[in-house]
Amino acid sequence: MQYFERTTKSVRHRLLFLFAGCTLLLGFIYWRTSLNVNSSFAAELAQIPVFLSPVIIAGMGLTGIIYAGGIDLSISSMIVVAGTVFGILFDHGAPPWVCFLGCYVTAVGLSTCNGLLVRMLGISPIIITLAGLQFYRGVALILADTLMPNFGGGLSIQKAAYQAPAKEHAAEILAVVVVAALAWEAYGKTFRGFLALGCSPQACRIAGLDPGRIRLTSYFVGGLFLGVAAVLFVTNVQVIEPARMATGFELGVIGAVVLGGTNIFGGEGTMLGTVLGALFLYLIGQAMLYAGVSEYWRTAIAGGVIVAVIGFDCAIHRRQKLLDELR
Amino acid sequence: MPAPLLQLDGLAKSFGGVQALKPLSLELAAGSILGLVGENGAGKSTLIKLLSGLHQPDSGDILFAGQRVAFSSPRAALDAGIATIHQELEYAGRLTVAENLLLGESWPRTFFGGVHWGRLHENAQRRLSEFGIDLPTHAPVDQLTAAEKQEVSIAGALARDARLLILDEPTASLSAPEVRRLFGHLARLRERGVAVIYVSHRLDEIFEITDRIAVLRDGSLVSTHKTANVSAGQLVHDMVGRPLDQVYPRTRSGELGEVILKLSSMSRAGMFRDISFEVRAGEIVGLGGLVGAGRSELARAIYGLYPVDTGTMLLRGKPWRPRGADAALQNGLIYIPEERKRQGLVLDHSLGETLSVGFGDTASRFGLVNRRREREAVSGALQKYDIRATGPAQAVGTLSGGNQQKALLARWLERDPKMIILDEPTRGVDVGAKAEIHAHIDQLAGMGKAVLFISSDLPELLGMSNRVLVMNRGAIDAELCGDEMTEHNVILAASGLSQAGSPDTDR
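Chains as they are written, first to last, in this note's numbering: chain A, 1 to 327; chain B, 1 to 507.
What the hints contain is simulated information worked out from the structure, not anything from laboratory work. All C-beta atoms in this analysis are idealised placements derived from N, C-alpha and C, irrespective of residue type, glycine included. Heads up, some of the hints might be wrong.
[Unchecked claim] Pairwise CB distance ranges (calculated):
#1 B:R180 x A:G248: 54 to 62 Å
#2 B:T398 x A:G311: 34 to 42 Å
#3 B:T398 x A:G303: 41 to 49 Å
#4 B:T398 x A:N236: 55 to 63 Å
Could you build all of it, start to finish, from the sequences and the hints given here?
As structure tokens, then:
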């Protein structure tokens, strides 16, 4: 209960809303699948971890970064570099576990590198990582081009052993990571430090903490999550194409984080919210699919949902915020 | 007598050629409370900033606990044992009281490596009760009242073994019972041997809690007194201390016209209460009081930027229920805000653009601006209000403070308003420009406009106004006219020590 007691009312309301929303959408999908002999609810459920685990796990890492007052826009490109490293190792005949490890370590390293750049250059995280979004994709292409002799824009991976994480174990990995992360958030000091930094760097400084160091830690911890997301992402795609892979992935992740009640300017949020936010966005898409909404509309509506939920939420809590400001 | 805990020896500081603090020497013993008083700009905040490590002195020494110290940062001062509680508190609002208190320390762990929340809250509770503070440690700090947040800050500072606590206007946002509670804490600290520097404009509080009082004026230490041996009158005399050598313009006839603005029992929770007064055509009514007494809030409520809970207003005899700036302008009421850089002017805009915001619509038709007419109006205004600039194209931000203020005035005066509210119009303006602004205000009244004049500059307030209302903690504490209009009386009323009757009996 500690976990919920210390959150604010608006965050709790958002969690409740998302939980209710996800339940309703699941109910709707169950009803639709039961009408149609060609579809099964169980198969639909089994599909969720495969598609959604990279978003959820990367999202949880990004949640810590954002509520420490930072942001990372370059996550998709970092995944591409990690995926390219995975492909290069595969191309050189490395065993599966080496490929997975290489992929993981690359993602952790790049995220930490973002943190270091933010700390040392003192430039706003949004600018550093916006540049990283371009830069890392370029790095991936250069790596692929120089280290893979037969690279022709894409590398096909068709061996089951190399695809096991996403194709066979996505649900288990997702469950373990989510449970571990929520426990860490609830019982660790790390994330409370991130939150404190997002609230007031000055207060941290007065308390004797080093804000720059906390920020760097938030990028490192975010990297630990991003690495898992990267492994799950690249072992799900059939072909690794550095130029096109994961385009726009970061927007889905940021959408999930923000929908989950994390303040984009830091200082407020929960990882549970991000999990529910990602699930909600995914289920909305699936529900529209079953309702027969055309693809074009689905894309537009998915964006509209984020604005609608947050706009509605702000309208409800605006009065309170105004009062807080005047006090 | 033991050696003093804090000893200042010839401490001085200047900013850009202005001597903010002239060489100053002062001693403070452990277990005593020193009150620091002085008018705005007397050098109190500079002194605090030097002691708390925000600024470094140009010359002079700080001896703390017998050792010469130099603070390169607020952190260094804190480590040495000097904690400062600023008016603006710093805290991580979403974190709980316990987490904020123990933020910089290692937290108790359970067998499994997680934070032992139970023990953490016990530790925090113990620390709070050690200083006699009772707060829910589970509550996020955001949800506490201003007084409770301050208590968290104080407990946090003391937990780091602070031996000198500096409080800067600590009661500015506290209610009366909360002030009592704070004083209880301070009395306990005194017994524990902690020294306190208490900075406040509120002389009643200074008299109650301090052992000694130091008076600053124009950057130098004028006097120090034992609190028991000094009267309020003496203190105010030391604070004011300057001869009234400045002459204020009085070209207006002094004849008052009809009542332009009449307020009856206006209240707004947390800002001002039971405000009643009237302003007549041709009259300048001064509104004095401390910063935070509710003067600007009242002005904005009249203008329609804040809604009013109870009470009524009459503007030129008609009920006035403001709905924002547009309605106010149309009814001949203008308000020139306090912080002109933030609220009044777009600094990058040219002078011409700035002025034409005010009367541009008189030069436009169907949403299209008649450029020629606008140019004429602008250059006319430049001459009429004697705004010194290279021309209409000069960016407002590059004008001097006085000319900025004149531009702001000119912008609205072309509309021929009936009632003008000026909020600290001369703050940060040099002497020459000040005199010009004074002359303009006097002319406005002479033209039959009603003026409500808010100022913290006492000579100016008294010199310009027909009568002066003094606000204290949201209410009008005194109405001074004629011989009662002295700096002495204004300071007494503003700091809650008014001997004069309530404003109702004056009327």
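To see whether the hints hold, each was checked on the structure:
Under the hint 54 to 62 Å, the C-beta atoms of R180 of chain B and G248 of chain A, about 60 Å apart, fit the expected range. The hint said 34 to 42 Å for the Cβ distance between T398 of chain B and G311 of chain A, and at roughly 41 Å that hint holds. Against the hinted window of 41 to 49 Å, the Cβ-Cβ separation of T398 of chain B and G303 of chain A comes to about 44 Å, which satisfies the hint. Separation of T398 of chain B from N236 of chain A is about 60 Å and conforms to the stated range, judged on CB atoms against 55 to 63 Å.
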